[in-house]
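If you're matching them up, the sequences are chains E and S in order. Going by this note's numbering, the final residue of the first sequence carries number 187, and the count climbs one at a time with no gaps. Going by this note's numbering, the final residue of the second sequence carries number 1267, and the count climbs one at a time with no gaps.
Keep in mind that the hints were calculated from the coordinates and are not lab data. It is possible that part of the hints are untrue.
Said to hold, decoys possible - Straight-line distance between alpha carbons at most 20 Å, and here's what the computed EDC-like set of lysine to aspartate or glutamate pairs gives:
#1 Lys-124/E - Asp-106/E
#2 Lys-1160/S - Asp-1110/S
#3 Lys-981/S - Glu-109/E
#4 Lys-1238/S - Asp-106/E
#5 Lys-1156/S - Asp-1185/S
#6 Lys-103/E - Asp-1110/S
#7 Lys-1240/S - Glu-994/S
#8 Lys-1238/S - Glu-160/E
#9 Lys-1238/S - Glu-123/E
#10 Lys-1251/S - Glu-1027/S
#11 Lys-981/S - Asp-29/E
#12 Lys-1238/S - Glu-109/E
#13 Lys-981/S - Asp-106/E
#14 Lys-1167/S - Asp-29/E
#15 Lys-1144/S - Asp-29/E
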Amino acid sequence: MEVAKPDKAKFVGDGIIIFHDVSGAMKGDRVIRAAGYESKLVAPPPELRMGCDLALEFNLVEQVGVERIFKEKDVPYQNFLPITKGASQLCDIVKVTDFGEWIMVKSGNMKLSFEKATGVIVNISGGGCPDIPYLNAEMVGKTLAEAPFPSELGYTLCATMLQRAYEEAVSNYNGGRRQ
Amino acid sequence: MMLLCGTIPDKNLPVTYGQVSQDEDYLYAGGRRFSRTQGTGAMISAAFAITSYFKLEAPHVLVAGDIGGGEGTRGIYKYLIEHIVELSPELMTLHYSLPIMALLRKLCEAVKGCPNRPFMIADAGAMYAAKGAGLSSEFDIFTPDPSEIAFLADAQATHPAYISNYLFASDADKIPGQITDAFANKSAAKLLLVKGKTDYVAADGQILSTINEPDVPMLEPIGGTGDTITGLVSALVYAGLEPKDAAVYACRTNRVAGQLACPTPATKVKQIIDQFPVVAKQNYCSWAGICYTDAGK
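Sequences are here, hints too, so could you generate the full structure?
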C-alpha cells in the first residue's frame, strides 16, 4: 500500500534570509519557528546559489524580530532580502509504503523505514550528501523516540528531507508523539 | 588503476589514499580502517567484491571523514586537484561528497592534464555538483535513482530536494521522459544507469536496455543498495566490459544478489554485497561469457 500526501499547509512569505551554509539555514528555521514565527526552507535565488544551498522564506515585516532572535540564539546569517523571483520550494511530497511488519516513509529523495511493533528505525536510504551515512549510523537501530533529530545532526538538504520523513514516521507510529 | 573517491561518516578520518583490502565489516587503506556499510563504503566494498572475483588489482581509494560540514569533501578535492595527473587512473568514480561546484570545476580542469583521460563515473553529491556546474558531459556514467533522474531532468533544480512536485509525484511512469529531458538539457553523462523498480540504461537520449527481473521490492528501503550498483558498474567497466554491458550486468547482479539474500526492510547492505561473488560465479558465464574455472581463471 502506498499513500502520497502533500506536506503542511503552504506558507508564502515575502522575504528571504540568506545564510552562509545549509546548517545555518536549518538552525535558523528551528530557532524562528520555536519563537513563533512562520518560515519555510527554500532555495536561494539562482544568482546566490553555490550548490547545496538553503535559505528561509519569511514575512519581511517581521525582519526586526527575526534579527533579534537570531542575535539572541547566535544564528549567523548573510542577509535579509525581499523576494522578487527565483526562490524554489523544497519538494513537499511524502509517500508512505506498508511492507507488512515495516513502514517506509519517503520524503523527496530520502527514505526512512521502521518496524511497526517497536518503532525501531531499521534503514535509511537515498540522498547523496555526506551527512546521510552519518545520520544512518546515528539513527538506525534506535527507536523513533530515542533517535536524534536529523535537523539537529545534519547539515544539508538531504538531512532536511530526512527530517520530514522522520516527522511523518513519528506521526504514523504514534500520532505525532515522540514518546 | 581504478580510483574510488568519497566521504566516510567518521569525522576523525583524515584524507586517506591507498589500495583497499577488506576484513569482515571493515575496509582498510592507507593504514586506516573504515566501515563498508552504506555510502562510499558500500560502493567500494561492491567494487572490491568484483575485482576480487576477477582477480584484478584491488581498487585504490581516496576517502576522508565528513559528517556534512564539507571538510572531508574539500580535502578529497584538494588531493585530487594536486595529484590527479600523477595518479592518472584508468577509471575514477566520485561518490558521496558535498556538492561544491567550484571544486569540481577545478578537478575537471586538472583531469585534462592526464596523459590518458580517465573513464569518469559520478553518483550522489558528486553527480549533483556536476549537473549544477554544467559539467555532466565530462562524465561517462551517472547512476541516479528515481529522485535523482527527476533532478537531472529539471533544468532549474540544484539539488534533488528541489525537484518540482510534478516531476516527483508519479516518478515511475515519468522516468523514460525524464531520461529524455536530462539528455536534452545536457544534464546527463554520456550514459545513464537509472536505478529503481525498473532499471534503465540510456545513452544519447535513447533507452538502450531495461532491467526488471528479478523484482525484489524489499531492496528499496535498504540503505546502500544504490551505492552497490555504482561500485559494481565501476568494477565491471574496469574489468573491460563495454559501459552499456557493464551497466546491465551491474543491475542484474544487484537484483539477483538481493533475491539470494532474502531481504526484509531491516536487511543490511553488506548481506547483499556478500552475495556478489556467488552471483558472478553462477551467472557471468551465461550473461557475459566470463566463465569461472576451478583453476581460478
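Going through the hints against the structure:
For the suggested pair Lys-124/E and Asp-106/E, the alpha carbons sit about 10 Å apart, so the restraint of at most 20 Å is met. Restraint check for Lys-1160/S and Asp-1110/S: the C-alpha separation of about 5 Å stays at or below 20 Å, so the hint holds. For the hint pairing Lys-981/S with Glu-109/E, the CA-to-CA distance comes to about 35 Å; that exceeds 20 Å, so the pair is violated. As the CA atoms of Lys-1238/S and Asp-106/E are separated by approximately 19 Å, the hinted pair is consistent with the 20 Å bound.
Our distance criterion of 20 Å between C-alpha atoms is broken by Lys-1156/S and Asp-1185/S, whose separation comes to about 31 Å. With a CA separation close to 32 Å, the supplied pair Lys-103/E and Asp-1110/S exceeds the 20 Å bound. Between Lys-1240/S and Glu-994/S the alpha-carbon distance is near 10 Å, which keeps this suggested pair within the 20 Å criterion. A C-alpha spacing of about 25 Å is found between Lys-1238/S and Glu-160/E, which places the hinted pair above 20 Å, so the restraint is violated.
With a C-alpha separation of about 14 Å, the suggested pair Lys-1238/S and Glu-123/E falls inside the 20 Å cut-off, and the hint holds. Under the criterion of a C-alpha separation no larger than 20 Å, the hint pairing Lys-1251/S with Glu-1027/S is consistent with the structure, at around 19 Å. This hinted pair checks out: Lys-981/S and Asp-29/E have alpha carbons roughly 18 Å apart, not beyond 20 Å. At roughly 16 Å between alpha-carbon atoms, Lys-1238/S and Glu-109/E fall within 20 Å of each other, so this suggested pair holds.
The suggested pairing of Lys-981/S with Asp-106/E is violated, with an alpha-carbon distance near 35 Å, which exceeds 20 Å. About 34 Å separates the Cα atoms of Lys-1167/S and Asp-29/E, which puts this hinted pair outside 20 Å; it is violated. Note on Lys-1144/S and Asp-29/E: the hinted pairing is violated, with a Cα-Cα distance of about 33 Å set against a maximum of 20 Å.
When the structure is compared with the earlier hints, violations turn up for hints 3, 5, 6, 8, 13, 14 and 15 and for no others.
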